[in-house]
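Using the sequences provided together with the hints, build the complete structure.
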Amino acid sequence: MSIEIKALNKKYGNFTALHEIDLVIPEGELVALLGPSGSGKTTLLRIIGGMEIPDSGNVLFGGEAEAQRKIAAPRIGFVFQNYALFRHMTVFDNVAFGLKVRPRRLRPSKKEIRVKVAELLKLVQLEGLENRYPDQLSGGQRQRVALARALAIEPQVLLLDEPFGALDAKVRQELRRWLRQLHHELDITTIFVTHDQEEALEVADQVVVMNQGKVEQVGTPWEVYQQPANPFVYQFLGQVNQVRGRIQDGKAKFDSLEWDLSGYHHPDGKECIAFVRPHEVEITTEPAAQRLQARVTQVYPVGARVRLEVEIKGNSVPIEVDITEEYWQQSGLAQNRSVFIAFKKPRIFIEGSGFVDLDISDGSFLSENLSTNKRVHIS
Amino acid sequence: MANPILVSSRRQTEVVNVASKKEGIVRWVLIGMALLFLLLFLVLPLVIVFYEALQDGIEMYLASIAEPDAQAAIALTLLTAAIAVPLNLVFGVAASWAIAKFEFRGKNILLTLIDLPFAVSPVISGLMFVLLFGMEGMFAPWLEAYNMKIVFAVPGIVLATIFVTFPFIARELIPLMQAQGTEEEEAARMLGANGWQIFFRVTLPNIKWGLLYGVILCNARAMGEFGAVSVVSGHIRGLTNTMPLHVEILYNEYNFAAAFSVASLLALLAIVTLVVKGVVEWRTARRGH
Amino acid sequence: MKRGWKQFSVLPGFSISLGFTLLYLSILVLLPLSAVFLKTATMGWEAFWSTITDQRVLASYRLSFGAAFAAALINVVFGLLVAWVLVRYSFPGKRVIDGLVDLPFALPTAVAGIALTAIYSENGVVGHYLQTIGVKVAFTPLGVIVALTFIGLPFVVRTVQPVLEDVDRHVEEAAASLGATRWQTFRRVILPELYPALLTGFALALARALGEYGSVVFISGNMPMYTEITPLLIMSKLEQFDYAGATALAVVMLLASFVMLLFINIIQWRTGHRRTAKGG
Numbered sequence: 001m002s003i004e005i006k007a008l009n010k011k012y013g014n015f016t017a018l019h020e021i022d023l024v025i026p027e028g029e030l031v032a033l034l035g036p037s038g039s040g041k042t043t044l045l046r047i048i049g050g051m052e053i054p055d056s057g058n059v060l061f062g063g064e065a066e067a068q069r070k071i072a073a074p075r076i077g078f079v080f081q082n083y084a085l086f087r088h089m090t091v092f093d094n095v096a097f098g099l100k101v102r103p104r105r106l107r108p109s110k111k112e113i114r115v116k117v118a119e120l121l122k123l124v125q126l127e128g129l130e131n132r133y134p135d136q137l138s139g140g141q142r143q144r145v146a147l148a149r150a151l152a153i154e155p156q157v158l159l160l161d162e163p164f165g166a167l168d169a170k171v172r173q174e175l176r177r178w179l180r181q182l183h184h185e186l187d188i189t190t191i192f193v194t195h196d197q198e199e200a201l202e203v204a205d206q207v208v209v210m211n212q213g214k215v216e217q218v219g220t221p222w223e224v225y226q227q228p229a230n231p232f233v234y235q236f237l238g239q240v241n242q243v244r245g246r247i248q249d250g251k252a253k254f255d256s257l258e259w260d261l262s263g264y265h266h267p268d269g270k271e272c273i274a275f276v277r278p279h280e281v282e283i284t285t286e287p288a289a290q291r292l293q294a295r296v297t298q299v300y301p302v303g304a305r306v307r308l309e310v311e312i313k314g315n316s317v318p319i320e321v322d323i324t325e326e327y328w329q330q331s332g333l334a335q336n337r338s339v340f341i342a343f344k345k346p347r348i349f350i351e352g353s354g355f356v357d358l359d360i361s362d363g364s365f366l367s368e369n370l371s372t373n374k375r376v377h378i379s
Numbered sequence: 001m002a003n004p005i006l007v008s009s010r011r012q013t014e015v016v017n018v019a020s021k022k023e024g025i026v027r028w029v030l031i032g033m034a035l036l037f038l039l040l041f042l043v044l045p046l047v048i049v050f051y052e053a054l055q056d057g058i059e060m061y062l063a064s065i066a067e068p069d070a071q072a073a074i075a076l077t078l079l080t081a082a083i084a085v086p087l088n089l090v091f092g093v094a095a096s097w098a099i100a101k102f103e104f105r106g107k108n109i110l111l112t113l114i115d116l117p118f119a120v121s122p123v124i125s126g127l128m129f130v131l132l133f134g135m136e137g138m139f140a141p142w143l144e145a146y147n148m149k150i151v152f153a154v155p156g157i158v159l160a161t162i163f164v165t166f167p168f169i170a171r172e173l174i175p176l177m178q179a180q181g182t183e184e185e186e187a188a189r190m191l192g193a194n195g196w197q198i199f200f201r202v203t204l205p206n207i208k209w210g211l212l213y214g215v216i217l218c219n220a221r222a223m224g225e226f227g228a229v230s231v232v233s234g235h236i237r238g239l240t241n242t243m244p245l246h247v248e249i250l251y252n253e254y255n256f257a258a259a260f261s262v263a264s265l266l267a268l269l270a271i272v273t274l275v276v277k278g279v280v281e282w283r284t285a286r287r288g289h
Numbered sequence: 001m002k003r004g005w006k007q008f009s010v011l012p013g014f015s016i017s018l019g020f021t022l023l024y025l026s027i028l029v030l031l032p033l034s035a036v037f038l039k040t041a042t043m044g045w046e047a048f049w050s051t052i053t054d055q056r057v058l059a060s061y062r063l064s065f066g067a068a069f070a071a072a073l074i075n076v077v078f079g080l081l082v083a084w085v086l087v088r089y090s091f092p093g094k095r096v097i098d099g100l101v102d103l104p105f106a107l108p109t110a111v112a113g114i115a116l117t118a119i120y121s122e123n124g125v126v127g128h129y130l131q132t133i134g135v136k137v138a139f140t141p142l143g144v145i146v147a148l149t150f151i152g153l154p155f156v157v158r159t160v161q162p163v164l165e166d167v168d169r170h171v172e173e174a175a176a177s178l179g180a181t182r183w184q185t186f187r188r189v190i191l192p193e194l195y196p197a198l199l200t201g202f203a204l205a206l207a208r209a210l211g212e213y214g215s216v217v218f219i220s221g222n223m224p225m226y227t228e229i230t231p232l233l234i235m236s237k238l239e240q241f242d243y244a245g246a247t248a249l250a251v252v253m254l255l256a257s258f259v260m261l262l263f264i265n266i267i268q269w270r271t272g273h274r275r276t277a278k279g280g
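Residue numbers (the UniProt record's numbering), protein chains in the order written: chain L, 1 to 379; chain C, 1 to 289; chain R, 1 to 280.
No lab work stands behind these hints: they were computed from the structure. Built from N, CA and C at the ideal position, the CB exists for glycine as well. Do not take every clue at face value.
What the hints assert, rightly or not - What follows is a set of in silico ranges between Cβ atoms, one per label pair, in the way DEER data are often shown:
| hint | chain 1 | residue 1 | chain 2 | residue 2 | range |
| --- | --- | --- | --- | --- | --- |
| 1 | R | P92 | L | E202 | 56 to 62 angstroms |
| 2 | R | L38 | L | G165 | 56 to 62 angstroms |
| 3 | L | E174 | C | T112 | 47 to 53 angstroms |
| 4 | L | E174 | C | G106 | 45 to 51 angstroms |
| 5 | L | G165 | C | A179 | 38 to 44 angstroms |
| 6 | L | L186 | R | R169 | 49 to 55 angstroms |
| 7 | L | R180 | R | F186 | 56 to 62 angstroms |
Laid out in structure tokens, this is it:
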């Protein structure tokens, strides 16, 4: 069942939780609402689920228009952040609940319920735990019971509020993959809320990036990571270095770095920011043409990769560089070493105009040359 | 050169030892004082009730209880509780559902109103009903027309008892239900349950121990109410006397053993109430809620 | 949509539960209370004033309020002691004692009244010892204080206990490591945290004691101008069918009760405030 959200607004007192949200969720998709706390993602989820009422705007299901909606139709499965399992009921009773409370004529027989619950428990890999109570289960197990319980009513839409938030990192990883696979099998339109960008990128078909009540970008995981629509999205998904500068004489100037923007018409004086991801910075100990000199200030080995902080002369903010552990071993990079760096794929964000993607095919950029002040154009 | 760290740590241990020895004495002195206070004010009264009741022997004890007026008083007390407690139960559940599961303005006023009987003297509680339903009361002409008697009759006693005891169940349930939150109920709703199903299947099992204690306490207070009932009852022996009033009558006639005998039944009820409370607390602690 | 007054919730049953609650409260509380004030209104100011300022009545105010105040104070001191001992120490029979603290709550006031009289009268268990040192308890204001102490006992203990349980042991250890003695730690670190609870407990005990009837009338002896509490005066007036007089006194007592309730609410509101500010 597809969902269309039109011009949704919601305020709590003076706080704007949602501002003019327009969104379309195609049928059968697995969508992540991603954003920091206070971005409005949980509010949006709850409004879709009917647990809160918007100040204005509509949530339309399956192409219909609805003014007043009852919970009963469409069938929505909701998984709460803290699972909200019925603490005094066994796993079996929890999962069977939605079936047992159906009005008499729609209620399945006891036998049918037993079969259905067994099926669901098998689906979530919790067979044999029917008679346990929630406080006897681990976090991951409780999560799956909550999911099974929501699935029991055969929902047309499945909503999950920070489903993996309270779990250990390892369990989270397993469940993430498992959720993706489950969605593949069941094909129910699913929306989940998360503040963990890694989770959103790994699990979802579409990612809706939200911030302060607004939708910043909607796209596939690849799109939002590789082609962020604005600085917020850039920063929120993955690490990024930002270097601030200004446009002067048709060039983007960042302290001692310059890029020629001939071919783009941008007024002088505008602010611009260069964005480059840490793993898109090349770093060597040998000087070479078109490389910028820098000094390593910190080294952080983290598992399979090594993070370095380098300072470029004339740039106040250190640049973060992310390299493989293997390369680090080979290169002999260490603290206080003099190094040379190049930006592989910088994107320049110009205030008011959006991003400029620079094609730097040879991996070089405009370098500062203090003595001669020569400038090299980018090919 | 002596290792400064070792030296100071030994001194610290010494200091700690002296401190804990002093602390040990302080501890036991405090415990002693507290126990003495409690002994004097709590244990003694309880013990004395049974002691005095059995002063004249067990046969007198049983006879006092079996005596017709005493039996009538016991019957009236039970009847009053049987009406007051269920009514207050419904109220308690309704009030705590509204207050604990929803957000609305004016909750504080509501809570204050519910706490009111605690702040009002029992005598005044009884007085209010006399002013309403007594001979010169607001509803007097209406009552006369239908030949109904409320004050100086059983209905008045029941009403006064309901007033004085209605907060107990609510006050027990409200914090309990507030602490439990609304998520389970919301989840039940999302799964399609209607109001009654939500209450009976999800909420009730979670509050059952608190509810039990509230009912037991409400019952104990209802059976033991004295001041308010005293004003309203008219003290007609065998007809409008509850157990506490009967105790008063016996006492004023210097029939001490009999008075304490009847009183001992109420004291037993109090003890049962306390035991139930202990069980409830043990059960809720065990569940880890 | 009742926006602004009530927040939306998916849960059903609000109207019916609130409606029933309000109905019950109106019939049971608001209606009878208004009867009291209405009746007083018919009395006329002068009659009202002379009734509530009569000598005997004034004496009863002094006794009721004075004894209640004294009893509440005693309960603050010993209630704190009991709460401390119950929370901090373990000793055999602790659970039983803890349960017993609620006895004044569960025991009918009349039973408490005759029991206390039996203990403190001249030939009572404690009474006859006290008599040898010349202290008379039963049938004196002292007896009233004893009865009111019994009644108010659980209030301070039960309000202080949870707060005491919440006291961060680490803070105490920090104080000790900085050189504070046990007493200093208690006075400067722990006690300030307990003030709101102590105040609330005091106010609750006081409010309860002000209107107490059953446990007092037996031990006091009800001698006019000496051991007559205000509720008893109300009772006497009723027995003489002086409804107006009884009501006048009731109004005074009600006003005092309302002030106390207001006071308690303010304390709870302010400490609730403070607690959120501390982020706790």
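Each hint tested on the structure:
1. Separated by about 59 angstroms at the C-beta atoms, R:P92 and L:E202 satisfy the suggested range of 56 to 62 angstroms.
2. Between R:L38 and L:G165 the beta carbons are some 58 angstroms apart, a value that agrees with the proposed interval 56 to 62 angstroms.
3. For L:E174 paired with C:T112, a C-beta distance near 52 angstroms keeps the hint of 47 to 53 angstroms intact.
4. At roughly 49 angstroms, the beta-carbon separation of L:E174 and C:G106 lies within the given 45 to 51 angstroms, and the hint holds.
5. Separated by about 22 angstroms at the C-beta atoms, L:G165 and C:A179 break the suggested range of 38 to 44 angstroms.
6. Distance hint for L:L186 and R:R169: a CB-CB separation of about 50 angstroms, consistent with the stated range 49 to 55 angstroms.
7. Checked against the hint of 56 to 62 angstroms, the C-beta distance between L:R180 and R:F186 comes to roughly 58 angstroms, which is consistent with it.
Of the numbered hints listed earlier, the single one contradicted by the structure is hint 5.
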